[in-house]
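Undergrad: Below are the chains, spelled out letter by letter.
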Amino acid sequence: MSSTPALNRRSLAWAAILLATLAVAPLWLPSYPLVTLTRILVFALLAVSLDVLVGYTGLPSLGHGAYFGAGAYAAGWVAIHMTQSATLTLLVASASGAAAAAIAGSVAVRAQGVFFLMLTLALGEMAHQLAESWQEVTGGSNGLYGIPAVHLGTIVLLSARAVYWWVLSTFVSGVAVLGCVAASPFGETLRGIRDNEGRMRALGYRVYHYKLAAFILSGAFAGMAGGLLATHQRLVTPADGGLGTSTLALFAVIIGGEASLSGACLGAALVVLIRDSLGASLGGRGPLVLGVVFVAVVYLLPSGLAGALRPAWRR
Amino acid sequence: MPDWVNLHFVSLLNGLAIGFLLFILAVGLSLVFGMMDVLNLAHGVLFLTGSYVAWFVAGPSPSWGGFLAALTVAALVGGAAGALLSLACDRLSRRTHLAQALLTLGVALIAAEVLSALFGNDVHSVNPPEALDRSVSVFGHAYPLYRLCLIAIGVVVAGAVHWIVERTLLGALVRASVSDRQMVSAVGFDDRRVKALVFGLGALLASVAGVLGAPIYGARPGLDVTVLILALVVVVIGGLGSVRGALLGALVIGQIETLGRALLANFASFLLFGALALVLILRPRGLLAPANGSRS
Amino acid sequence: MTIQRITRRGILGAIGASALAGLPGCRSGDKGSASEGSGARRVKIGLVIPQAGVYVPLGTDLKRGWDLFLERHGGKLGNHEVTTVVADEGDSPQSGVPAVQKVLQSDQVDVIVGVVNSAVALGSQDSIKEAKKLLLVANAGAGAITGAARSPYIWRTSFTNAQIASVMGQHLAKAAAGQRVYILAPDYAAGTEVLTGFRKAFEAGGGQIAGEAKPAFGKTQDYQPFLAPIRQSGAKAVFCFFSGAEAVAFVKQYHQFGLHAELPLYGSGFLTEGSVLAAQGEAALGIQTTLHYCAELDSPANREFVAAYRAKYDAVPTCFSVQAWDAANVLDRALAQATALDGDSLSKALASVGTIENSPRGPWSFDGQSPRQQVYLRKVEKRESGYVNAVVADLGAFSQPA
Amino acid sequence: MTTLSCVGLCRQFGALRAVDGVDLVLPEGSRHALIGPNGAGKSTLFRLLAGGLRPSAGRIFLDGGDITHLAETRRAQLGIGQTFQHSSLFLSMAASENIRLAAQRSLGRPWWPLPCSFPTVRERVEQLLGAVGLSGRGEAPVASLSHGERRQLEVAVALATRPRVLLLDEPAAGLSPAETARLSELIAGLPRDVALLFVEHDLDLVFRLATQVTVMHLGAVLMQGTPEEVRVSPEVQAAYLGTGQREDLFLPREPE
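Protein chains in written order, with the numbering used here: chain B, 1 to 315; chain U, 316 to 611; chain E, 612 to 1013; chain F, 1014 to 1269.
Calculated directly from the structure, the hints in this document are not laboratory data.
You may find that some hints are simply not true.
[Said to hold, decoys possible] Calculated cross-link-like contacts (lysine to any residue; reagent style SDA-like; alpha-carbon spacing at most 20 Å):
#1 Lys-993/E with Val-1003/E
#2 Lys-740/E with Leu-158/B
#3 Lys-990/E with Leu-908/E
#4 Lys-743/E with Arg-206/B
#5 Lys-743/E with Val-1003/E
#6 Lys-743/E with Ala-213/B
#7 Lys-740/E with Ser-133/B
#8 Lys-743/E with Val-156/B
#9 Lys-990/E with Ser-976/E
#10 Lys-847/E with Ala-872/E
#11 Lys-740/E with His-151/B
#12 Lys-740/E with His-232/B
#13 Lys-743/E with Ser-159/B
#14 Lys-740/E with Leu-157/B
#15 Lys-740/E with Leu-19/B
#16 Lys-740/E with Ile-80/B
#17 Lys-740/E with Val-156/B
#18 Lys-993/E with Asp-318/U
[To be verified] These stretches of chain U come out as covered by chain B in the derived footprint (C-beta under 8 Å, 3 or more residues):
#19 325-334
#20 449-463
Predicted model only: the values in this text are computed from it and were never measured.
C-beta: ideal position from N, C-alpha, C; glycine also.
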């Protein structure tokens, strides 16, 4: 991948155009496609947060849904019991995602390669089981339902449009922040660890602390995406943080092309579109379509969706 | 017998039966991963294929002939599928592990849907062959005869796989590839054929395990994921790329899934992954990682 | 019973469960609500049932019950021309809630019928409330749907978990007086509701619980570890609640490990209902369960229903088929009197529907938006046509326990 | 003031004593060469000093402090820089980024989460690119560099952290004569206070640059001294060229 992250002029222009179309989308989109687009943005933020871990630090995680779920449950619980302020619930969501990631990360980051993958899978499944059996707080397997609509100042985020704009603005700021971090010295250090952890150690970098910082940062933004889920869907179930979500997020990142935030968004959009809209109209054959897409992408687009869009020399 | 053992004798015995079934399933996954660094997410669907073959060929209450026919058909189907999957993965040999895992996941999704299209979404249960379909008394405890045979079959398969890996040329090639794949092809072995053989053998064992497991687990959509996770846990706990590791991991998980659940009933759901997390924290490369620590 | 068993197909399965079903045989596109049609009044109904995932057998039974009623009433409910839009609920709220939103917003339906999964029913409350449209739940059994989380727009024609289990608790307190009973259910919301319902009724009748176990939900295939403690608990009978693949696995292993000879097995009706019974086979012989319906019920309404069902689908109807049939039945009566199709007027109409005397399950009526219905004691017997749940007794009419 | 030293350093792999009781003193500003036939334990000694490997016995001191049990990262922070026999670089990045990553750890703030570039680091990168002869190649991705260029980049990355002790593992391996000449200029131009220990098979380079030479054989120190002493010593020639008849090397000796 080229040296400068995708912040140069040309891709900024692309991003501006895309942002403009997304911002005006609610004016011409009927309500159901708008809800689907909102769901894509929530899932895309989760994929972007995971890409910080997978694409930039080289740590593939199969349990990232846990921090997404932690954020969603925290936001939902706070909205039901304490305050319906949108910003506050979002902060609580990010904080609980980060906290969960700190606890899990401090243990997981020590492992390498497939052992890290399986350790994150194990920690994710334990979090999923906790959501199922901690009936009083998470509502058990029926999920946390009846989450009230949150409000931003005086505006109650109830209509599909209001929720969409709130989710879009949070998504954009989230991706912008992660884009900056990716292009920052810290981001470069993470990419160094991904490329050659041994050499980084030999240069005096305390690799464990950087990996843990990346894990927590990624968990925080996954928690933020969870907060958006609670606001948009107003229901959080254990499956939202379970293995299904974690796997979809990981492979959305891989389809999109690792180490490219725009790739993660594209991957997420493709996966959610197939699962929610296209797959549905085939009378339950969603997984089949997804399987075919996975196989096709892995063979036809070696560098993922993002790679396909970017001119060859900058690969 | 000491009172405690007597109390939990059936669970201990059952742990062995489930453990050996998991070994037959997981040993292929461990060798393939150790040798080719391919995380085969389609391994679960191979098991499910075996279970559906058992229901389709042998029928709900099979005769001896039916059961053996099911075993051979499953072996052929599994072996062929494994070889094909190996060739498919080989085209991605220069790509990352995750790209290969993505391929196997795609294949698994397609296969799962094809199976549910062919056999419907109902639960199909398969009885053991008539002769084995009864309980016998073991030290005064009633225990299904079929599961005792499962232990016997497991021991035989463990011995056979161990013999193949330790004593035969193919086994030597497998162990050599686990430590250094370039050297194996440099020495002149067609790397692709070796991989196809090992992948095929692993897949064959997984489908056969599917047939053997049908009387216990039956055949239903969703079983492939449950079994895949169990196999991954067994392989990782045991250490990648080693038969002994797969056997140890399988027996440990077998006991956790039976004795563990009997003792700590209300933590039943946490046990499997708690054990995995604990092992990975204490021994980051698995309990019995091969001496040189396979490059994962 | 809420077969709300999120059998987490994990990596492979949870992805499935598409949200927009194919639109079988009716015009697609999302024209506005069709009530103002030329002359003949029309109604658009969203049928949200599982078409992918592990609940597909239930979805099939629900759709058959619904289609059969429409076919026998000329495609009309309460002289309204019916357009059915089917949406796939899948096997988790991740796919179910979007399906409900799709039929509400995209297809602009007037009424939603169906929903197998309690989490979907509870999770869709807000969209239903905002759309002010009627949701007629044809299966989800969580008590909260018409209890704590009641909403004027959500009515139910199926059952609640505790309702079915408490009847068996009452019965066993008398029938197995003085014998301790061991109880068992999967570790998830519906399982907990069933055990609490049973325990409250059984202990109120003087019964004693010998022990309790809650195997991991969706993650237990081998029940041997839970069978061993049953023997050691000194119980004389076992009550349990399992569904789908877990019901098959539990009953077969209960038989294999030889417990069926010593300890009679009682259960909530779903243990041996529908395709599960065929898979259990001989292992299910003699199991007694309570349920609000039984295909063997000897009443004119049921005999006619079973004959029509068997003629059209060459299969025996299940309680799920009856629940969808009755959903159409009550809508037929409500639409006849309703002035408009919005949620409020339909709710008012439903409140005044009175007793549904011609239902195959026997006469029943709404009590707090959920059925007050007869509950039958059934026992598995072997007939030449295979294994069936024979009716042992009508244990009387019961409402949704508090 | 001695910078880096080790006393009785040993490392055993099972029965094989790869490093057997090595004593070494590396004062500030020394140019110390480590030579010996393949398998003499040179690379193992390097990894023991750099911290990549735990010693079986013996102790290592830096500025008098005992660093035997310090991790590799901590030793790097204390000023021990090293290059690797097989180039170990960051393949997805450009050459200048490789150097910047190394320089940033000490000169910039590597944990800084916002995009910015540190002037001191930029200067250091330009200066090092020029020093190793890669001035025009800064933006080239490492994957497209030739073997020689990669060896030069290795040295630049090691120098970027301003180490006080520099361990170079066969820096000239695979370099063309011109590149070797440039490398020896670079090494000669190193600041006086840097202590340099390098393994090299190119004996011309060794005898031109080294002020001290240690010859290792079968894990032990055979001889230590100035280049001239080592050049004429018979033991060194025997170790390198083998004893007596040449055939001993190739034909199995008949059992006496």
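Undergrad: Give a verdict on every hint.
TA: We went through each hint and held it up to the structure:
1. Lys-993/E with Val-1003/E: holds (14 Å)
2. Lys-740/E with Leu-158/B: At roughly 12 Å apart (the allowed maximum being 20 Å), Leu-158/B and Lys-740/E satisfy the hint.
3. Lys-990/E with Leu-908/E: holds (12 Å)
4. Lys-743/E with Arg-206/B: Distance ~58 Å between Lys-743/E and Arg-206/B Cα, so the pair is violated.
5. Lys-743/E with Val-1003/E: violated (43 Å)
6. Lys-743/E with Ala-213/B: The given pair, whose Cα atoms are some 47 Å apart, is violated under the 20 Å limit.
7. Lys-740/E with Ser-133/B: violated (29 Å)
8. Lys-743/E with Val-156/B: Since the Cα atoms of Lys-743/E and Val-156/B sit roughly 19 Å apart, the hinted pair holds (cutoff 20 Å).
9. Lys-990/E with Ser-976/E: Given pair Lys-990/E, Ser-976/E is violated - Cα atoms ~26 Å apart, limit 20 Å.
10. Lys-847/E with Ala-872/E: The given pair, whose Cα atoms are some 11 Å apart, holds under the 20 Å limit.
11. Lys-740/E with His-151/B: holds (18 Å)
12. Lys-740/E with His-232/B: Holds, at about 16 Å.
13. Lys-743/E with Ser-159/B: Within the cut-off at roughly 14 Å; holds.
14. Lys-740/E with Leu-157/B: Holds - the C-alpha atoms of Leu-157/B and Lys-740/E are around 16 Å apart, at most 20 Å.
15. Lys-740/E with Leu-19/B: Between Lys-740/E and Leu-19/B the Cα gap is close to 33 Å, so the pair fails against 20 Å, i.e. violated.
16. Lys-740/E with Ile-80/B: Measuring from Cα to Cα gives roughly 17 Å; hence the hint holds.
17. Lys-740/E with Val-156/B: Holds, at about 16 Å.
18. Lys-993/E with Asp-318/U: Since the Cα atoms of Lys-993/E and Asp-318/U sit roughly 41 Å apart, the hinted pair is violated (cutoff 20 Å).
19. 325-334: Our answer is that it is violated, as 0 residues pass the Cβ test (under 8 Å) against chain B, missing three.
20. 449-463: violated (count 0)
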